[in-house]
Amino acid sequence: MAQEMTPQPVSASAPLLEKQNRQKIKDLPTKIFSFVILVLMSIMMLGPLFIMLSTALKDQATVFLFPPKWIPDTLQWSNFKEALTFKPFGLYFKNTAIYTLVGTVAEVLSSAVVAYGFSRYKGKGRNIIFLCVLATMMIPYPVVMIPQFVLFKTINWTDSYLPLIVPSFFGSAYIIFLLRQFFNTLPNDLFEAARIDGCGEVRAFWSIALPLCKPALASAAIFGFMFRWNDYLGPLIYLNSDTKYTLSIALSTFTSQFTIPPWHLLMAASLVAVLPPLLLFFFAQKYFVEGIVVTGIK
Amino acid sequence: MKAKSLIQARENKYFYLFISPWIIGFLLFTGGPILMSIYYSFTQYNIADPPNFVGAKNYTQLFNDPLFWKSAKVTLYYTLLAVPLGLLLSLLTAMLVNVKIPGQRLFRTIIYLPSIISGVALSLLWLWILNPQLGVVNFLIFKLTGMQGPQWLLSEAWVIPSLVMMSLWGIGPNMVIYLAGLKGVPRSLFEAAEIDGASNFSKFIHITVPMVSPATLFLLITGIIGTFQVFTQAQIMTQGGPNYASFFFVYFLYQQAFGAFNMGYASAMAWILFIVVLLLTWLMMSLSKRWVHYEGGNQ
Numbered sequence: 000m001a002q003e004m005t006p007q008p009v010s011a012s013a014p015l016l017e018k019q020n021r022q023k024i025k026d027l028p029t030k031i032f033s034f035v036i037l038v039l040m041s042i043m044m045l046g047p048l049f050i051m052l053s054t055a056l057k058d059q060a061t062v063f064l065f066p067p068k069w070i071p072d073t074l075q076w077s078n079f080k081e082a083l084t085f086k087p088f089g090l091y092f093k094n095t096a097i098y099t100l101v102g103t104v105a106e107v108l109s110s111a112v113v114a115y116g117f118s119r120y121k122g123k124g125r126n127i128i129f130l131c132v133l134a135t136m137m138i139p140y141p142v143v144m145i146p147q148f149v150l151f152k153t154i155n156w157t158d159s160y161l162p163l164i165v166p167s168f169f170g171s172a173y174i175i176f177l178l179r180q181f182f183n184t185l186p187n188d189l190f191e192a193a194r195i196d197g198c199g200e201v202r203a204f205w206s207i208a209l210p211l212c213k214p215a216l217a218s219a220a221i222f223g224f225m226f227r228w229n230d231y232l233g234p235l236i237y238l239n240s241d242t243k244y245t246l247s248i249a250l251s252t253f254t255s256q257f258t259i260p261p262w263h264l265l266m267a268a269s270l271v272a273v274l275p276p277l278l279l280f281f282f283a284q285k286y287f288v289e290g291i292v293v294t295g296i297k
Numbered sequence: 000m001k002a003k004s005l006i007q008a009r010e011n012k013y014f015y016l017f018i019s020p021w022i023i024g025f026l027l028f029t030g031g032p033i034l035m036s037i038y039y040s041f042t043q044y045n046i047a048d049p050p051n052f053v054g055a056k057n058y059t060q061l062f063n064d065p066l067f068w069k070s071a072k073v074t075l076y077y078t079l080l081a082v083p084l085g086l087l088l089s090l091l092t093a094m095l096v097n098v099k100i101p102g103q104r105l106f107r108t109i110i111y112l113p114s115i116i117s118g119v120a121l122s123l124l125w126l127w128i129l130n131p132q133l134g135v136v137n138f139l140i141f142k143l144t145g146m147q148g149p150q151w152l153l154s155e156a157w158v159i160p161s162l163v164m165m166s167l168w169g170i171g172p173n174m175v176i177y178l179a180g181l182k183g184v185p186r187s188l189f190e191a192a193e194i195d196g197a198s199n200f201s202k203f204i205h206i207t208v209p210m211v212s213p214a215t216l217f218l219l220i221t222g223i224i225g226t227f228q229v230f231t232q233a234q235i236m237t238q239g240g241p242n243y244a245s246f247f248f249v250y251f252l253y254q255q256a257f258g259a260f261n262m263g264y265a266s267a268m269a270w271i272l273f274i275v276v277l278l279l280t281w282l283m284m285s286l287s288k289r290w291v292h293y294e295g296g297n298q
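One line per chain: the protein sequences are A and B, in this order.
For what it's worth, numbering that gives the first Met the number 0 labels the leading residue of the first sequence as 0, then goes sequentially.
For what it's worth, numbering that gives the first Met the number 0 labels the leading residue of the second sequence as 0, then goes sequentially.
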């Protein structure tokens, strides 16, 4: 890089502390600048969330006030009750939860099995098959959407959760990739020792590899959870009867029922729908970030 | 020699045993459907009746369909705005939250937070805040400038910029990826540049940007694949309007497939999408050798 760098006449006795202090003072404008910009950005990031909450707590009349009230005079908590009883939201919540939980657990476990195979065994054609796994990540869902629909229609699985859940039992490329990265970091000696002790291959996977990869499994589960909880296109295609709706579908039909949308109720219902992902984020923030970093940087 | 081949046989056995779920799933739900999709794209097919082979008719019809070109243009326009702006903003934000200041962790959390909200709830929220009469965005514009703000989602000119703005609200995950990239930049590089008297801007262009270029390549490819598949926003917020200004490609495809039950036509669209995605990915990967810098040589 710096080829013409002239040697600086540095006095060897210059105390390190003084140098650090000078550096600190030099960095001060950068720090103040960053802080101010980040405060402004934070306001913009939190603003819409605040609007969501504040609208959810307004009564019908206050919603249509101009200029808008940031904080309504009386907090209309009954909006939540009204929004949630207007339609059987309890049922939709349950449907979404079942779809999300079953699908995610199936996806993470099956992906772990596959990822372990790729990481542990030098089978013939391993690299080529793994490249195929990675390549499937690039296939847009609309390409397989129509033939999958035809397939599930012919076996009479439409209007049920089977088309949405069953494919999860065969692993997903993204999570296989994530978990393989983690399995690759486990020392080989560990498995050699277990083998010598007479530990079978399945037990080595189940009792040694899996427990060591708990953080990675958590990250993978979060991916799966977030995807399914918010999934819209899949449920939209497969679910017809309104007792089978997910929250996403129910929210989307909410708007079409009115000529003027009741924004306070819409925001109340949306808020309830995003609550589980938000809670998950606050309790498991670390795993959100770890999963992103491992899959993002190859 | 014999022992070695025995070990290999054993490795093969367990390898294929463990990866068998993926192979079965691939054949049933990905590989098989892809082949069927090619076939359907050469047929007229409404699901109720068996597919009727029509040759390349769907493709010739598509290329003469003004809505096809409109939807391709809309999607491209959105991609060209949303992806580069998203990348730039994510990188700049990552640099800001990489500076050691009080509240650093809190800032990271706050900026990540909006990306937790997605899908239908996200669309409804922005439909409300971008409401031209009652929405908070136009209220703030009015208060700050005294002027009436644009019609946002109801305006042909503003609908795509509105959706881009909404997408920028979710830069959190990209910021995290860039942040990880920035952690790998050795401080000595910046120190050397400082001794040479490099400006902040030139340090950004000549050190930061090349050092995070592997992350940029990844985000570019996944970003484009994502923006090519925009659907929920069009379905919930705009219904493709006004006057087809947000008529996204996959929204058109969905309408053809599940509104009009033109499965053959929609499959042809899906294949065009697939080929474009493959070509673009290949192009970006091969061009990347010129601008992506891997520490420790190209791998």
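Accuracy of the hints is not assured; some may be wrong.
Claimed, not checked - Label-pair ranges, simulated between beta-carbon atoms:
#, chain 1, residue 1, chain 2, residue 2, range
1, A, T254, B, A55, 36 to 44 angstroms
2, B, N51, A, P186, 57 to 65 angstroms
3, A, N239, B, V184, 20 to 28 angstroms
Unchecked claim - Below, a list of computed lysine-lysine pairs in the DSS-like style, where the Cα atoms sit at most 30 angstroms apart:
#, chain 1, residue 1, chain 2, residue 2
4, B, K182, B, K202
5, A, K68, B, K142
6, B, K182, A, K30
7, B, K12, A, K123
8, A, K93, A, K30
Hint data in this document are derived by calculation from the structure and do not stem from the laboratory.
Backbone N, C-alpha and C define an ideal beta-carbon position, used for all residues, glycine too.
Going through the hints against the structure:
no.: 1; hint: A:T254 <-> B:A55: 36 to 44 angstroms; result: 40 angstroms, holds
no.: 2; hint: B:N51 <-> A:P186: 57 to 65 angstroms; result: 59 angstroms, holds
no.: 3; hint: A:N239 <-> B:V184: 20 to 28 angstroms; result: 53 angstroms, violated
no.: 4; hint: B:K182 <-> B:K202; result: 16 angstroms, holds
no.: 5; hint: A:K68 <-> B:K142; result: 14 angstroms, holds
no.: 6; hint: B:K182 <-> A:K30; result: 18 angstroms, holds
no.: 7; hint: B:K12 <-> A:K123; result: 10 angstroms, holds
no.: 8; hint: A:K93 <-> A:K30; result: 47 angstroms, violated
Violated hints, in rising order: 3, 8; the structure is consistent with all others.
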